[in-house]
Amino acid sequence: MATLGSIPENQSPPKHIQHHPTSLRNWYKKINWLNTTLVIIIPLLGLYLTRTTPLTRPTLIWSVVYYFLTAFGITGGYHRLWSHRCYSARLPFRMLLAFTGAGAIQGSIRWWSANHRAHHRWTDTMKDPYSVMRGLLFSHIGWLVLNSDPKIKGRTDVSDLDSDAVVVWQHKNYGKCLLFAAWVFPMIVAGLGWGDWWGGLVYAGIMRACFVQQATFCVNSLAHWIGEQPFDDRRSPRDHMLTALVTMGEGYHNFHHEFPSDYRNAITWYQYDPTKWLIYLFSLPPFFQTHSLKTFRSNEIEKGRLQQQQKALDKKRQTLDWGLPLSQLPVIDWDDFKARCTDDGEMLVAVAGVIHDMSLFVSEHPGGKMLIKSAIGKDATGVFNGGVYEHSNAAHNLLSTMRVGVLRGGQEVEVWKKQKTEAMKGNWMQQVTRVEKLVEGAVAA
1 MATLGSIPEN QSPPKHIQHH PTSLRNWYKK INWLNTTLVI IIPLLGLYLT RTTPLTRPTL
61 IWSVVYYFLT AFGITGGYHR LWSHRCYSAR LPFRMLLAFT GAGAIQGSIR WWSANHRAHH
121 RWTDTMKDPY SVMRGLLFSH IGWLVLNSDP KIKGRTDVSD LDSDAVVVWQ HKNYGKCLLF
181 AAWVFPMIVA GLGWGDWWGG LVYAGIMRAC FVQQATFCVN SLAHWIGEQP FDDRRSPRDH
241 MLTALVTMGE GYHNFHHEFP SDYRNAITWY QYDPTKWLIY LFSLPPFFQT HSLKTFRSNE
301 IEKGRLQQQQ KALDKKRQTL DWGLPLSQLP VIDWDDFKAR CTDDGEMLVA VAGVIHDMSL
361 FVSEHPGGKM LIKSAIGKDA TGVFNGGVYE HSNAAHNLLS TMRVGVLRGG QEVEVWKKQK
421 TEAMKGNWMQ QVTRVEKLVE GAVAA
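Residue 244 in full-length UniProt numbering sits at position 244 of the sequence shown; the count goes up by one each step and never skips.
No lab work stands behind these hints, which were simulated from the structure alone. None of the hints are false.
Simulated DEER-style distance windows between Cβ atoms:
1) LEU398 / GLY142: 51 to 59 angstroms
2) THR50 / ILE188: 14 to 22 angstroms
3) HIS120 / LYS151: 16 to 24 angstroms
4) THR50 / ARG121: 39 to 47 angstroms
5) LYS127 / ASP232: 16 to 24 angstroms
6) THR52 / HIS120: 38 to 46 angstroms
7) THR52 / GLY142: 26 to 34 angstroms
8) TYR389 / HIS120: 55 to 63 angstroms
9) ARG155 / LEU398: 56 to 64 angstroms
10) PRO366 / HIS120: 51 to 59 angstroms
11) ARG121 / LEU281: 25 to 33 angstroms
Every residue, glycine too, gets a C-beta built ideally from N, C-alpha and C.
Could you build all of it, start to finish, from the sequences and the hints given here?
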């Protein structure tokens with residue numbers, strides 16, 4: 001019997017709105033209007049206001065400076081400090097990152113980090129909150145402006161964040177933090193600094209936040225779409241300098257997904273990763289604000305790189321003709337091999353226990369036809385490998401494409417060994433006989 005508030009046994013629970021076909025009656029229910037307002041409507045309003053709001057030089061400089069401050073709040077704070085715990089930071093620095101991160105208008109630390117941990121845990125699956133498998137536009141901004149089914153998103157552990165006083169306070173007061181850090185603070189600086197209150201709001205506030213948002217969103221979309229995969233290609237993350245330039249160094253995403261606990265995204269001196277540089281800078285005197293910077297062992301990094309290079313080489317190797325594998329070749333007896341050469345006139349040569357058909361190559365041999373013809377029906381291993389001429393790697397590769405069989409018994413041919421043994425015995429017996437005759441002659445004399 002159904003109780004108050006329960007679902008009758010003969011009925012299934014109602015589907016989430018996203019699982020219903022879109023129609024004129026329900027389309028607006030599929031929109032997350034709060035996020036849509038923050039990442040689309042307000043930026044469009046700011047873009048409209050730029051038509052009537054002059055951009056002064058001081059406001060431009062302040063907008064750029066505050067752009068990098070709030071972007072670092074995301075890359076160095078939300079991402080590398082709180083999502084991945086790549087390093088530790090002292091309270092003043094954590095408070096600064098919480099403030100500037102709020103100014104980027106991308107949610108609270110707790111909300112952002114929970115989604116990002118789910119992204120790493122469930123990359124490229126339906127449980128990934130912004131999976132690129134659902135489309136480039138979805139991974140960039142669609143996942144924010146559409147209401148998602150909470151039952152689908154993968155769960156992650158954020159108990160460490162719940163024990164961080166800065167994270168807890170910012171999460172509870174995020175609305176106020178956003179309002180002040182994103183719009184009021186940049187407007188106050190421009191207003192009190194050089195009297196450009198409205199320009200401070202439009203450019204250093206609204207438009208600056210829009211650019212930071214779009215830059216961060218590129219990590220979810222472009223960093224899974226363009227670039228190379230030097231460490232692993234089983235999933236979508238990629239490395240690309242363009243994405244790194246746009247995202248303050250977050251574009252080396254293939255490395256990051258392989259080694260997420262490393263405070264670096266770029267590991268070579270020429271790769272652009274200002275977030276890494278700033279984290280390291282603040283660990284030095286006189287700042288001493290960051291410490292315990294984590295780096296993955298270089299041995300494991302290079303192993304991953306080498307394995308991926310080997311995988312690429314193996315893939316390239318499959319496109320080339322290396323001859324039939326030995327396992328697919330017929331096994332031929334020595335007598336049959338000889339008979340095919342003498343009776344059937346085939347131009348077969350044995351090298352290293354493998355029989356090769358030289359008929360198409362005999363006229364092209366750089367050393368002339370006679371050398372090959374002299375080896376027909378014989379084991380030319382010694383001749384090929386230095387007895388007459390030690391052939392090049394290219395010659396070995398070319399020879400492999402001429403395989404037609406494998407000699408039974410392997411490389412050492414028993415018939416030849418017997419012939420050599422008998423010949424040696426014969427020579428020895430002849431020498432003994434001659435000595436005996438000489439001795440007999442001497443005695444008779």
